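The lines below spell out each chain.
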Amino acid sequence: MKSLRFMLSLVLLSLSTLAFGQSDTQKSFDKLKTLAGSWEGNVTTVPQDATIEGKLTQVSLRATSMGNALMHEMTMGGRPDDPITMLYLDGDRLLLTHYCDAGNRPRMAGKMSPDGKTVEFSFLDVAGSTQYGHMYHAVFTVIDANHHAEDWTFMMPGDKPMHAHMDLQRTK
Amino acid sequence: MDREWNDSQPIYRQLRDRVVAMILDGVLKEGDPLPSVRNVAAEYRVNPLTVLKGYQQLVDEQLVESKRGRGMFINVGARNLLLQGERQKFLAEEWPRVYATIQRLGLGAEELLDAATSQSSSDAAQSKTTESNLPEEES
Numbered sequence: 001m002k003s004l005r006f007m008l009s010l011v012l013l014s015l016s017t018l019a020f021g022q023s024d025t026q027k028s029f030d031k032l033k034t035l036a037g038s039w040e041g042n043v044t045t046v047p048q049d050a051t052i053e054g055k056l057t058q059v060s061l062r063a064t065s066m067g068n069a070l071m072h073e074m075t076m077g078g079r080p081d082d083p084i085t086m087l088y089l090d091g092d093r094l095l096l097t098h099y100c101d102a103g104n105r106p107r108m109a110g111k112m113s114p115d116g117k118t119v120e121f122s123f124l125d126v127a128g129s130t131q132y133g134h135m136y137h138a139v140f141t142v143i144d145a146n147h148h149a150e151d152w153t154f155m156m157p158g159d160k161p162m163h164a165h166m167d168l169q170r171t172k
Numbered sequence: 173m174d175r176e177w178n179d180s181q182p183i184y185r186q187l188r189d190r191v192v193a194m195i196l197d198g199v200l201k202e203g204d205p206l207p208s209v210r211n212v213a214a215e216y217r218v219n220p221l222t223v224l225k226g227y228q229q230l231v232d233e234q235l236v237e238s239k240r241g242r243g244m245f246i247n248v249g250a251r252n253l254l255l256q257g258e259r260q261k262f263l264a265e266e267w268p269r270v271y272a273t274i275q276r277l278g279l280g281a282e283e284l285l286d287a288a289t290s291q292s293s294s295d296a297a298q299s300k301t302t303e304s305n306l307p308e309e310e311s
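Taken in order, these protein sequences are the chains called A and B.
At the far end of the first sequence sits residue 172, using my numbering, and the numbering has no gaps.
At the far end of the second sequence sits residue 311, using my numbering, and the numbering has no gaps.
These aren't lab readings, by the way, just hints derived from the structure by calculation.
Derived lysine-lysine pairs resembling DSS-like cross-links, with alpha carbons at most 30 Å apart: (1) A:Lys-160 x B:Lys-239; (2) A:Lys-160 x B:Lys-201; (3) A:Lys-117 x A:Lys-160.
Which residues of chain A face chain B? A few of them, derived with a C-beta cut under 8 Å, are: (4) Thr-45; (5) Leu-56; (6) Thr-57; (7) Met-74; (8) Arg-79; (9) Pro-80; (10) Asp-81; (11) Asp-82; (12) Tyr-132; (13) Phe-154; (14) Met-156; (15) Gly-158; (16) Lys-160.
This one's a predicted model, so the numbers in the text were calculated from it and none came from an experiment.
Beta carbons: idealized from backbone N, C-alpha and C, even for Gly.
Okay, chain A solo, but in the shape it has when bound (with noise of 0.2 Å):
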């Protein structure tokens, strides 16, 4: 009898450390689900040093197939450049696919920061051709219920990356 007490707590112990760590990509995942909605706001790029003011980035998140994805769209007026980004959960990983204009599809892990308000993907490996450049890292701040940034670096030809920082505030 005790040895059978000890087997369950044994299996609790593990269970429960399994659901610890599944408990933490997931959460990362729900941090980034609470985005849903539409956004716009200004970017800044490096090494352009370039600042677009103004209203002109369009953002828009949508959990979708039962809240198993989240679809993100650089939108505005469904114009033929804009990139999708795919984020889900892949076992205990948190991925992101971007569907890039440069006609490719890197992936993406994401990590959850100490304070829970930052998730930051990191390249994985990428489908298609790279000929065009590709993306390679994206980093999302929850500022508040109606304010995020996010960070998207490009590799562009020749591995030289091009960084574009986004200000966003909720529109709905």
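We have chain A already, so just place chain B on it with the hints.
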């Protein structure tokens, strides 16, 4: 600039090619400013990041420079740099095909020069007609 885009390469690359063509044609001269990202994005209904990527490509190729707070400008020597590159590209990629066709058709140097001369005269006549159709400048 043409507003139509094709699917053969990313828009940022097509944008870069259009600016390059404008430099080669003398529409954009050395020292001229590039249109602002905001204007190009709004006018051609493309993502501002696409425009920035196109401009960044031109910066990487040293054809354009970014002046803090003032915008992007065509570099001195940009046209020569482009001509050098484009000539090499023509000789390496297009000329072998053209030369093969010339050989296949048995065209001689004299025939080719005649054709080039008549093409030049026809171009000149056409540009004269276009000029005479332009409204006269008001004094």
